[in-house]
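Participant: Chains as they are written, first to last, in full-length UniProt numbering: chain L, 1 to 138; chain S, 1 to 152.
Treat the hints loosely; a few may be bogus.
Stated by the list, open to error - Mimicking BS3-like on lysine-lysine, the simulated pairs with C-alpha atoms at most 27 Å apart in a straight line are:
#1 L:107 / L:83
#2 L:53 / L:42
#3 S:130 / S:119
#4 L:52 / L:83
#5 L:36 / S:119
#6 L:36 / S:130
Simulated from the structure, these hints should not be mistaken for laboratory data.
Listed here are the chains, written in short residue letters.
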Amino acid sequence: MSSPRGGDKEGGRDGERQIHVLAVDDSSVDRAVIAKLLRSSKYRVTAVDSAKKALELLGTEPNVNMIITDYSMPEMTGYELLKRVKESPTLREIPVVIMSSENDPDKINRCLEEGAEDFLLKPVRPSDVSRLCGRMRS
Amino acid sequence: MENASGLQRQLARMKKDLFDQGYLDEQFDQLEELQDESSPNFVEEVVTLFFRDSSRLMANIDDALQQCPRDFHRLDNFLHRLKGSASSIGAAKMKNECTSFREFCSEGNLDGCLRSFQKVKNDHTILRQKLENYLQLLRQVGPVDKASRSGS
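This is chain L alone, in the form it adopts within the complex (with noise of 0.2 Å):
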C-alpha cells in the first residue's frame, strides 16, 4: 500500500484533468481508509505519512487541489504544515482540510483562523468527502 518512502500514487486515466487530493496522515488504518474514500470520489490520490514529506512532494509536484491532513502527527502537526502551505506564494491557493479524532472547539478555530478550508472529525465519512467536492482547487 505504501512505497518505501512512505507515499503511494493513483494515476487516473486522464491524469491532467483529474482532481489531484494530497492525503497526509501518520497512521496506516487513517491513511488507507482516507485514501479509499478520495478514490471512491474518483479523486487521484497520493497519501503520505508526513508533513515533511507532504512538503518535500508539494516542491516536486504542486498540482495539487486539495491537501487532506491529520492535525496530530510527530515532528510537525497538521497546523504547522496548514501554516507552511499558507505562507507559501506557489502553495498558498491549495484548500487545506484538518482532520482530528478530537471534537476542540480551539483547535478548530485556530485552524480556521489559519486558513483551513474545512476542519473534519474522524472517523471521516463519505459525506464529509461530498461535501468537498466544490472546494478543490480549479
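Since the structure of chain L is provided, determine the placement of chain S on it from the hints.
Facilitator: Then chain S, alone, in the frame of chain L:
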C-alpha cells in the same frame, strides 16, 4: 458443504454478534461499504494494518507503564493513537476502554492504568480472533453484493 447463501447467513450472524457484543460499531459497516471491485480485500487490508499498528502501540504502552518514573504524557500519546486507530475500524470496545485508560492517565492513576490496560489487551485478543474468523468466512463467501452481506 454449505451453499453460498448459507455462508452469507452465517457471515451476517457473525457480524451481528460482533455488534451486539459491542466489539464493533457502525464504522466497520463503513469499511465494508468502501470495499469494491477496485479494492476487493479492503476490509482485510485495513484490519491487518490495525492489528499490526495496535500490537506495536500496545508494546510501547507496556514499556511506558514499566518505566520509572512513569511518563503519563508519553503514555497518553500512545493511547491517543491507539484509540484513533480503533475508532477508524469500528473497534468500539477497544476505543471505549482507551477513553477510560486516558482518564486514568490524566489523573496519574497507575493502578487504574494497569487495570485498564489489561482490559484493552483482552479486548484486543478477543477482537483479533473474532475478526480472523469473520474474515476467513468472508474469503469463502467471496465478492457479494452489499445488500446480501448486510443480511437484509
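Participant: Would you mind marking each hint as holding or not holding in the structure?
Facilitator: Here is what the structure says about each hint:
1. L:107 / L:83: With Cα atoms ~14 Å apart, residue 107 of chain L and residue 83 of chain L stay inside 27 Å; holds.
2. L:53 / L:42: Holds, at about 23 Å.
3. S:130 / S:119: 16 Å, holds
4. L:52 / L:83: Holds, at roughly 13 Å.
5. L:36 / S:119: Status violated; Cα separation ~31 Å.
6. L:36 / S:130: 24 Å, holds
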